[in-house]
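8 protein chains.
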Amino acid sequence: MTLKVYLSGEIHTDWRERITEGAQALDVSFNSPVTDHAASDDCGVAILGAEPNKFWHDRKGAQLNAIRTRKGIEDADVVVVRFGEKYKQWNAAFDAGYAAALGKSLIILHGAEHQHALKEVDAAALAVAETPEQVVQMLDYVLTGRLPG
Amino acid sequence: MTLKVYLSGEIHTDWRERITEGAQALDVSFNSPVTDHAASDDCGVAILGAEPNKFWHDRKGAQLNAIRTRKGIEDADVVVVRFGEKYKQWNAAFDAGYAAALGKSLIILHGAEHQHALKEVDAAALAVAETPEQVVQMLDYVLTGRLPG
Amino acid sequence: MTLKVYLSGEIHTDWRERITEGAQALDVSFNSPVTDHAASDDCGVAILGAEPNKFWHDRKGAQLNAIRTRKGIEDADVVVVRFGEKYKQWNAAFDAGYAAALGKSLIILHGAEHQHALKEVDAAALAVAETPEQVVQMLDYVLTGRLPG
Amino acid sequence: MTLKVYLSGEIHTDWRERITEGAQALDVSFNSPVTDHAASDDCGVAILGAEPNKFWHDRKGAQLNAIRTRKGIEDADVVVVRFGEKYKQWNAAFDAGYAAALGKSLIILHGAEHQHALKEVDAAALAVAETPEQVVQMLDYVLTGRLPG
Amino acid sequence: MTLKVYLSGEIHTDWRERITEGAQALDVSFNSPVTDHAASDDCGVAILGAEPNKFWHDRKGAQLNAIRTRKGIEDADVVVVRFGEKYKQWNAAFDAGYAAALGKSLIILHGAEHQHALKEVDAAALAVAETPEQVVQMLDYVLTGRLPG
Amino acid sequence: MTLKVYLSGEIHTDWRERITEGAQALDVSFNSPVTDHAASDDCGVAILGAEPNKFWHDRKGAQLNAIRTRKGIEDADVVVVRFGEKYKQWNAAFDAGYAAALGKSLIILHGAEHQHALKEVDAAALAVAETPEQVVQMLDYVLTGRLPG
Amino acid sequence: MTLKVYLSGEIHTDWRERITEGAQALDVSFNSPVTDHAASDDCGVAILGAEPNKFWHDRKGAQLNAIRTRKGIEDADVVVVRFGEKYKQWNAAFDAGYAAALGKSLIILHGAEHQHALKEVDAAALAVAETPEQVVQMLDYVLTGRLPG
Amino acid sequence: MTLKVYLSGEIHTDWRERITEGAQALDVSFNSPVTDHAASDDCGVAILGAEPNKFWHDRKGAQLNAIRTRKGIEDADVVVVRFGEKYKQWNAAFDAGYAAALGKSLIILHGAEHQHALKEVDAAALAVAETPEQVVQMLDYVLTGRLPG
Chain A
1 MTLKVYLSGE IHTDWRERIT EGAQALDVSF NSPVTDHAAS DDCGVAILGA
51 EPNKFWHDRK GAQLNAIRTR KGIEDADVVV VRFGEKYKQW NAAFDAGYAA
101 ALGKSLIILH GAEHQHALKE VDAAALAVAE TPEQVVQMLD YVLTGRLPG
Chain B
1 MTLKVYLSGE IHTDWRERIT EGAQALDVSF NSPVTDHAAS DDCGVAILGA
51 EPNKFWHDRK GAQLNAIRTR KGIEDADVVV VRFGEKYKQW NAAFDAGYAA
101 ALGKSLIILH GAEHQHALKE VDAAALAVAE TPEQVVQMLD YVLTGRLPG
Chain C
1 MTLKVYLSGE IHTDWRERIT EGAQALDVSF NSPVTDHAAS DDCGVAILGA
51 EPNKFWHDRK GAQLNAIRTR KGIEDADVVV VRFGEKYKQW NAAFDAGYAA
101 ALGKSLIILH GAEHQHALKE VDAAALAVAE TPEQVVQMLD YVLTGRLPG
Chain D
1 MTLKVYLSGE IHTDWRERIT EGAQALDVSF NSPVTDHAAS DDCGVAILGA
51 EPNKFWHDRK GAQLNAIRTR KGIEDADVVV VRFGEKYKQW NAAFDAGYAA
101 ALGKSLIILH GAEHQHALKE VDAAALAVAE TPEQVVQMLD YVLTGRLPG
Chain E
1 MTLKVYLSGE IHTDWRERIT EGAQALDVSF NSPVTDHAAS DDCGVAILGA
51 EPNKFWHDRK GAQLNAIRTR KGIEDADVVV VRFGEKYKQW NAAFDAGYAA
101 ALGKSLIILH GAEHQHALKE VDAAALAVAE TPEQVVQMLD YVLTGRLPG
Chain F
1 MTLKVYLSGE IHTDWRERIT EGAQALDVSF NSPVTDHAAS DDCGVAILGA
51 EPNKFWHDRK GAQLNAIRTR KGIEDADVVV VRFGEKYKQW NAAFDAGYAA
101 ALGKSLIILH GAEHQHALKE VDAAALAVAE TPEQVVQMLD YVLTGRLPG
Chain G
1 MTLKVYLSGE IHTDWRERIT EGAQALDVSF NSPVTDHAAS DDCGVAILGA
51 EPNKFWHDRK GAQLNAIRTR KGIEDADVVV VRFGEKYKQW NAAFDAGYAA
101 ALGKSLIILH GAEHQHALKE VDAAALAVAE TPEQVVQMLD YVLTGRLPG
Chain H
1 MTLKVYLSGE IHTDWRERIT EGAQALDVSF NSPVTDHAAS DDCGVAILGA
51 EPNKFWHDRK GAQLNAIRTR KGIEDADVVV VRFGEKYKQW NAAFDAGYAA
101 ALGKSLIILH GAEHQHALKE VDAAALAVAE TPEQVVQMLD YVLTGRLPG
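Residue numbers (this note's numbering), protein chains in the order written: chain A, 1 to 149; chain B, 1 to 149; chain C, 1 to 149; chain D, 1 to 149; chain E, 1 to 149; chain F, 1 to 149; chain G, 1 to 149; chain H, 1 to 149.
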C-alpha cells in the first residue's frame, strides 16, 4: 500500500520538510502546491501577460495554481492542511473544504491558539495534530501498524 | 425555475436580510446556517452533555451544525459566501471549497481589502460581488434576464 | 427546509414513536424499515414461495426488505441508527456503514454500555445520543436553531 | 488481471494468514486493518495525546484507523468480511455496509450459527463462505477459471 | 413514501395492466416504454424521415425510444423486467443490466422455463417472481409492511 | 412523467417559440438561456462594474450567464441544441459537449448544410432534426407514444 | 495509451482468439469471463456446497462469476459484446446494458440476422461489427490511426 | 507527479508538435485525436462498410473516433483545446464542454480575433493562451514551479 499525501497550507515554515524527511522510510508519495510565494503570486501574468488591475493579476495566477492544487487533492488519499501563525490562510481552509467534499481523509495541523476558530474544519477531519512529527507518526501507524516509543 | 440559494459566512451584519428582502419577488428559496452565535457555539453540549475540554465542546457543536450546513450546500444551486471585516472566518472558506468540489455555482461577497487574500477562493467563483444588492441583481438577472436600471 | 430522516435499527422498544411524536411540529418526514419482526423475517417466502433451506428463506426475505431499506437510506438527509440491549444487530451496523459511504449525516443512538464496541460506528457519525429526546432536540435545532430549555 | 482484496473483520484467529498463504501463487494484492488489538485501541492517544474520557480516547483511535480502513475498502475489488465467535463485531458489519454502498464485490465468511443474524449482510454479498479455504478457491476461480479437486 | 416503478420488457401480454391495476391503492407511480409495437419500431423514420437501409431505420427508432427508456429507468426506485415466451428480448436484458449498474432495485419476472438462461440477470435482482400478482404483493409489502392472505 | 427540456443555442430566430407553443399541450417544462443578446453580453459589467479590457468584460458576463446555463442543463432530461446559419456558435457546441458528458439525452437541430461540420456533435445525440416541428413531434411521442399524421 | 478491452458474450466459437491474436502487436490488455461452460455453470456449488434446487445452484454460480465480470467491465475502456447463433444470450445483453450505464465505449459484434432484434443494444454502441477482424481493425485505428489495406 | 494532457482541436498547424517537443523534458504524457484528416473522416466506412448516405458515413466515422477521444479526455488531468483560423471547429468546442462537465482543468488556446466568440468556452477554462509556448511554460510551472526567463 502506497499512501498518496497532499500537503496543503502554510508556506513560511519548514513543516513540509519535517514531514517528508520524517517519512522517508515509508511508502508515501507526497505532493504540494508551489511554495515559492513570489512565483505563486505572479505565475499567471509572467506567462500569460501583464494585467493592470490587481484583481485580474491575482485571478490569472490563482487559476494557474489551481491546475496543480486540484490534481494534488484529487489524486491524494490523505490531505494534510497546516494553519500557521500569520495571514488569513483562506486558501488552506478552501482546500480543506474541497478535500472534505471529495471524501478524502483529512488531517489538520495547527497550534492550540486556533482551536476555536478552526472548529468546523477540525470537525471534518480524521485527526487534528499540533506537530509535523505527529503527522509522521500517524502515517507510520497507518502504513505499518507501528506506534511511536 | 426556482433557484435554491445557500447563504454562507459572516453572521454579524444584515447582509442576509438585504438579500432575502431584495429578492422577495423572485422565485428563490434561501437557506443558511444557524446565525445565532451563542446557540451555534453551544448547541452540541446543550443537547448532548457538557464537555470539560473546550476542543470536544467545539467538536460536538461543529458536527451538529454540519448536519444543517451540508444539507444546505448539497441542496443548493448557488452558494453565496460572505467574508466580513473580522475574525478568521475559516468556516466560510471551508464552505466555499466544499461547494466548489460539488460543482455548485459560487458567488463570493467581500470588500476590496480582502481581494488578494481571497484570490484562490474568488478564482473558483462565477462572480465576485461587493454588496448584497449586487447579489440580488444577479439572482434577478439569472432568473428573469432583467438588468438593473 | 424539509429534513428527510431514516430511522434504522432496533425494533423492540418505542424509540421511533418517541422521535416521530416529539418531532411532529417540525418539518421532518420520517422513513423506517418494516418493524413487524415476523413479517420482516417471512415476507420473502410468504410472497415468492417456501424454501426448505433456512438460508434461502432468509435470503428471500432480506432481499425484499432491502428494496425498502435502500430507498429509505438513499432518500434520507439524516440516518439515525439505534442499537439496543439485545441481539447482534449487524443489520443496524450495516445500515450505518451503507449510509456513511453515501455521505449521509449519521446520528447513532445507544446506551453507554455499548460505547467501546461501537467506536468505529460512532466515529463516522455527526452525533452520538443516548435518548430519543436528544434526537428530537437535534432535529429541532437543525431546522429552527432553537435549543432546549 | 490483479485482484485487490481487503480482508475486514475478526482479528483473533489466523483466517487472514490462511487466505494470504493459500493465495500466494495468485495475482492478488491483499490489504487489511491493523490487527494488533492493543495498538488499534490506543493509537489515537499514543500519538495525539491522552484523553481522560474513554469516549474521546476511542474516538481518536477509531478515526485514525479509519484512514487505513477507508483506503483499503475504496481501493479494493473484493472485500472479504469475517465474523467470528465472539464480540459484537459491529465494525465488521459497518465495513460490509460501507463496501456494499460503494458497489464492491462482497464475500462474507462466518460459521453456520450466525446465518440468521447475518441475513441482511449475506444478502448484499456475492458469496457466503464458511472457511478461508473456500475464499482461496473462489479467488483462484475468479482469476484463472480453475476449480478445486 | 412514493415508490417510482419502471415496467420494462415483454409487450404482448397484459402483465403491466395486472400490476398497475393491482397496485392502484398503493402510493406507486409507474412508467414504461411505448408498448405499441408498430409505433415503437417506426417512430424514428415517421418523424425524422425514411431510411432505405433497415439498420438505420431501426437505429433512428431505437435512439428515439431511448429518450423515454433512460428517463424511466433513471427516475425509478424499482425496475421490474418481464421476460415472456417469445422473441429474443435482448432489450429487456439490456435494460436490466443498465438498471443494475445504476444501483436500482431490480425485480425479474419470468416463467420457470427461463430460469437457467436468466441466471445472471436473476442474480443481480432483489427478487425473482413468476406472476404479476407477486409483484403487486411485493410493492404492497415494501410500502405498507402488509403480507398477503 | 414530466419531461424537463433545455433549449440551447441559436438566439436569432423563433425556433424556441415554435417548440414551446407546439408542445403546450404536453407535460414538458422548458428552460433556456437569456436570449436577449445585448443583456447577455453586458450583464456582468452592468451589475459588477465596468472593465476596460474587453476580455474581462466578456468573462464577467459569460460567468454570470453560466449560473443559469449550468442549472438549466443539469436539471434537464433532454437538451436540444440548435445551430443556425450565422456566427461561430461555439457556446452551442460547448453546451452539447457538457450535456453529453452528464449523460443527458441530446437532440441536435440544424440544417443539412452543417451536417459534416457537426458530425461529432450529431454522433453524441439520440436524434438529429431539421425543424422545430420535428422536435415537438418527438417530445409528443416520448411522452404519449403518439405519432404524427 | 493502453486500451483495456473486455470481451463479453458468446463462448462457443473462436472469436476471442481471433481478436486477441489479431491485436497482439497492439497496446491492448484483454479481459473476459470464464469461458469454460461447465466450470462457469457449476463453480458456485463446487466451492460453496451443493444445492438441491437448480435455481440456487445457478444463483451461487452466477454470483461468483459476477465478481470477475463486474471487475472486467468496470476496468475496461472498451467493452465488446458478441452475440452468436444460438441460445438466449441474455447475459450478453445484460453486460451490454451494464457497460452502457457506466459510460463505457461499446462495440457490438453479430451477424446480420440479429440486426432487428439487437436494435436497442446496437443503438447504445459506438460501433457494430460483423467479424472479429473488424474489431481488430478498429482497435488498431483507435490506438495508431492506421487504416486497413 | 505525471501530468496527463489531452490536446484537442485544430489539426492543420504544428501546435501539437510545438507543445510536445517543448515539454519533452517534463513529466507529461500526451494524448490527442487521430490528426490525419482523411483517415479521421473515412475510418468508419473503411472498416465497417460503405454508406451511400453521407450522414451515416460521417456517423460511423465520428463514433469510431469517439472511442479514442473519450478515453483521451477521461484519462486526462489537463485538456488543452486549440481553435484555429478556419472551419467551424464545433468538435473542439464540444470537447471543451465535455471536459468541463467532467471537471478537467481546461486550457484554451486561440488568437485574439476569436476572443468574443469563445467567451463562454474561455470562461470555463483555468487559462487562456495565445501560443503553444505559453502552454509549455504553464505545464513547466505546474510541474516544477519554474517560471520562464
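Please keep in mind that the hints were generated in silico from the structure rather than gathered at the bench. Misleading hints may appear alongside valid ones.
[To be verified] Subject to a maximum C-alpha distance of 27 angstroms in a straight line, what follows is the list of computed DSSO-like cross-link-like pairs (lysine-lysine):
id, chain 1, residue 1, chain 2, residue 2
1, H, K71, E, K71
2, D, K54, D, K86
3, D, K54, C, K86
message: Against the 27 angstroms threshold, does the CA-CA distance of K71 of chain H and K71 of chain E hold or violate the hint?
response: 25 angstroms, holds
task: Take a quick look at whether K54 of chain D and K86 of chain D sit within 27 angstroms of each other, Cα to Cα.
output: 22 angstroms, holds
query: Would the pair K54 of chain D and K86 of chain C pass a check requiring their Cα atoms to be no farther apart than 27 angstroms?
result: Measuring from Cα to Cα gives roughly 23 angstroms; hence the hint holds.
Hint compliance for this structure: every hint is met.
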